[in-house]
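K.L.:
Chains A and B supply the protein sequences, listed in that same order.
So in my numbering, spot 356 of the first sequence is number 356, and the numbers just go up one at a time.
So in my numbering, spot 35 of the second sequence is number 35, and the numbers just go up one at a time.
Don't take each hint at face value.
[To be verified] Lysine-lysine pairs mimicking DSBU-like chemistry, simulated, CA-CA at most 30 Å apart: (1) B:78 x B:117; (2) A:422 x B:73; (3) B:73 x A:28; (4) A:422 x B:145.
[Said to hold, decoys possible] Residues of chain A placed beyond 10 Å of chain B at every Cβ, according to the derived structure: (5) 14; (6) 46; (7) 276; (8) 374.
[To be verified] What the simulated footprint calls covered on chain B by chain A, stretch by stretch (three residues with Cβ under 8 Å from a Cβ of chain A suffice, anywhere in the stretch; the number is not a length): (9) 58-65; (10) 95-103; (11) 107-113; (12) 140-147.
Don't read these hints as lab results, they were simulated from the structure.
Because the structure is a prediction, the values reported are computed rather than measured.
Ideal Cβ placement from N, Cα and C applies to all residues, glycine included.
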Amino acid sequence: MNDRDLEMLDAWRHDRLSAEEFEILQEKLRADAELRAALRSLAEIDEGLTAIAMARACAPAASAHEKVGRFSAVSVWIPWSVALTACGIALMAWWWPRGGPREIAIPQKSLSAGNEVIAMLVDEADAVFGSSRQPGEVRFDPDRYELISGTVHLRFVNGADLVVEGPARFEIRDEFRTKLSSGRVRAIVPPTAHGFTVMTDEVSYEDVGTEFGLSVDGATGASRMHVFDGQVNLRRGDAEGSLLKSVFVGDSVGFHDGQLEELSDANVGSFPSPGDIGHLRWVSQRKQRLADPGLIAWFPFERNSDPSLLVNAVQGHEVPDGRISGARWATGRWQGKQSLWFDQDSDFVEINIPGKFQEFSVAAWLKVERFENEISAILNSDLANNGGLHIQMNRLGLPRGGLLGAGRPNQRWVGNPVPTSKWVHLVSVLSLPEKRHIIYVNGTPVLESGIEANELLINPCTCRLGNWLPNAHYSNDHAGRNRSLCGLVDELSIWNRALSVSEVEALTESGRPSLLWSRENPPLKVPMPRFPG
Amino acid sequence: MDDPLSHETFIRLLLRHQAGIRAFIGAVVYRTEDIDEIMQSVSLVAWRKFDSLVDPEGFGRWACVIARHEVLKFQRSKARDRFVLDEGLVERILSEGEDELPARECRLSLLDRCLDKLPTSRRELLLQVYSPGCTARAVAERLGKSEDGLYQLLRRLRLELKDCVELGLAQERGAS
């Protein structure tokens, strides 16, 4: 790190860096821990100056020296000054979300005693703990735990993630030490948690970064460990903790009755991962999903013995299984979950939806690779008959379409477009009685439109998922004719009713690909287009 | 409110640690309005989960874990912006900074003393630029300086303060 590097840091923090310099700075930051520490120091200077200047602006008149000397950046809360306390409360009001604390139950727990937070539950699927733990608790203190079934994802305060699959018995001793008596875990350890150790009765597995899986047989105490990334030191479980072996990425070992064994196969796929939790939760909601009133088709995208069939899981349905033409099976939102990959102009799934409807909702998870055509179809009725359904996106990723033959007054885009290379949840809700059509992306409305259709009913008939069969009108119009989708589709649901906003939000939440998946999508880089008229 | 004491405690803890948490966020997000937005989310999440916190002494570190998650969410929504650090780098900077809260709060308190060592005119200039609603451009115009010239001066002062704070911290560590 040199003076020029520090100047670049400061310039970036004050919007005075060119794009080229910014790239150079990023490279330097990646390589230099000292420079990263300097960046944090400069942030402190900026924040400290802001706090002191803010406190001074809020303070009653005083001499310049007193102003600077008395308002420490970290001590602005100290109630020696009524004016400052009032100012603090005003500050809280300024950045406190509207209605925030008033709508949330006040915590009843006393803050006067207790130890530090060691770990918190960040995600779970069907987790059932032994009687000592109450459902809904998120805090994990040093204690013994029995996970009877399900999977949990714990995050320790040092940043380490521990995914535990039940049945398992474990004891959290402190933020760096957990003992596993039985069950399977995966530890993901960032630099701040180097030294994070999972112990068994016989040995300790100390992570030197960054990821390993461990299983312990409760009956025999035998353990098996696989290093997914980085290095794990295997130490004796006695007080000295002498090093038995360093195990590196890709290697597996077993330990039983004092014997260390190198394994060629530690059943790597059996260790739980954070992503598994989302999948498990999704699977566990199957029954609830199928009981949903008005659901006429649910294609969970699970490959059947006949790979050309897209199975509709709704029993006794009028909507038959879909027929896959060209689209190929691929990995979906989670490992072990399938999707269909639409890549060629001729790829589609044919779905026949008999009946005529007053209301109609369609939900799909999709991941667009690129917007290759002027219009990319998600689910389009064949041809262009009145009452047909068109749910599609334009080249900017903005959803468009609706009910063919119906006027669409006040049609407008009100949200951010579908991005590429990210799973998104898209829901189209059509209601003729309410004369409205809304397309949501990740639970947020993006397209809103009125409907002018006095005698028209929704009549989807034969549709194509990921494509469109055009009519003669488009025969010479290649741009309008080719509406093939480039990307993945994972899950398609269809209802004969209009979903409410809260139902759309709940669907998005229940199917989210991972804990870290964000519902927010980037805004358009160009002005939002408008529909003609 | 059912329990005004808890509410008060929460506000007190948040005010106590807000400069440290904001500085933690500010290491990777430098625009004040963005830090404000993230801080809003952090405060809301912290409030919702407040009943899981027993020891108030752990509040700062606990809030930093929440802040790290909120920053990453925010950064993803801004991923297309030109001057946004890439996600891997953001994670690295934040995870390295999570353990620094006590030192950060110590450094922030040292900033007072370091400010005091600056000539009065320089100190007043700095605080003027950092005052709410004030911009460097407006101050430059008022002083009849070029914006670039004022920036160079401010940069020098900030780097001086950084050196002074780090020296003070090293001395305190040496004395303890």
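K.L.:
For the stretch 58-65 of chain B, do at least 3 residues have a Cβ located nearer than 8 Å to some Cβ of chain A?
P.N.:
holds (count 4)
K.L.:
Would you check the hint for residue 73 (chain B) and residue 28 (chain A), treating anything up to 30 Å between C-alpha atoms as holding?
P.N.:
Roughly 24 Å between the alpha carbons, so the hint for residue 73 (chain B) and residue 28 (chain A) holds.
K.L.:
Say whether it holds or is violated: residue 46 (chain A) keeps its Cβ farther than 10 Å from all Cβ of chain B.
P.N.:
violated, 6 Å
K.L.:
Run the distance test for residue 78 (chain B) versus residue 117 (chain B): straight-line Cα separation, threshold 30 Å.
P.N.:
Answer violated: residue 78 (chain B) to residue 117 (chain B) is near 39 Å, above 30 Å.
K.L.:
Residue 374 (chain A): least C-beta distance to chain B exceeds 10 Å?
P.N.:
About 22 Å separates residue 374 (chain A) from the closest Cβ of chain B, which puts it past 10 Å; holds.
K.L.:
Any Cβ of chain B at or closer than 10 Å to residue 14 (chain A), or is the non-interface label fine?
P.N.:
It is violated; residue 14 (chain A) is separated from chain B by about 7 Å at its closest Cβ, not greater than 10 Å.
K.L.:
Would you check chain A against the stretch 140-147 of chain B, counting CB to CB pairs closer than 8 Å, and say if three or more residues qualify?
P.N.:
Violated - the stretch 140-147 of chain B has 0 residues with a Cβ nearer than 8 Å to chain A, which falls short of three.
K.L.:
Decide if the proposed pair is consistent with the structure: residue 422 (chain A) and residue 73 (chain B), CA atoms, cutoff 30 Å inclusive.
P.N.:
holds, 14 Å
K.L.:
Tell me if chain A covers the stretch 95-103 of chain B under the three-residue, 8 Å CB rule, please?
P.N.:
With 6 residues closer than 8 Å to chain A, the stretch 95-103 of chain B meets the three-residue bar; holds.
K.L.:
Can the stretch 107-113 of chain B be counted as covered by chain A under the rule of three residues or more with Cβ-Cβ separation shorter than 8 Å?
P.N.:
holds (count 5)
K.L.:
Run the distance test for residue 422 (chain A) versus residue 145 (chain B): straight-line Cα separation, threshold 30 Å.
P.N.:
It is violated: about 47 Å lies between the C-alpha atoms, which goes past 30 Å.
K.L.:
Taking the minimum C-beta separation from residue 276 (chain A) to chain B, is that value above 10 Å?
P.N.:
The claim stands: residue 276 (chain A) keeps its Cβ more than 10 Å from every Cβ of chain B (closest is about 20 Å).
In the structure shown, a violation is registered for the earlier hints numbered 1, 4, 5, 6, 12, in ascending order.
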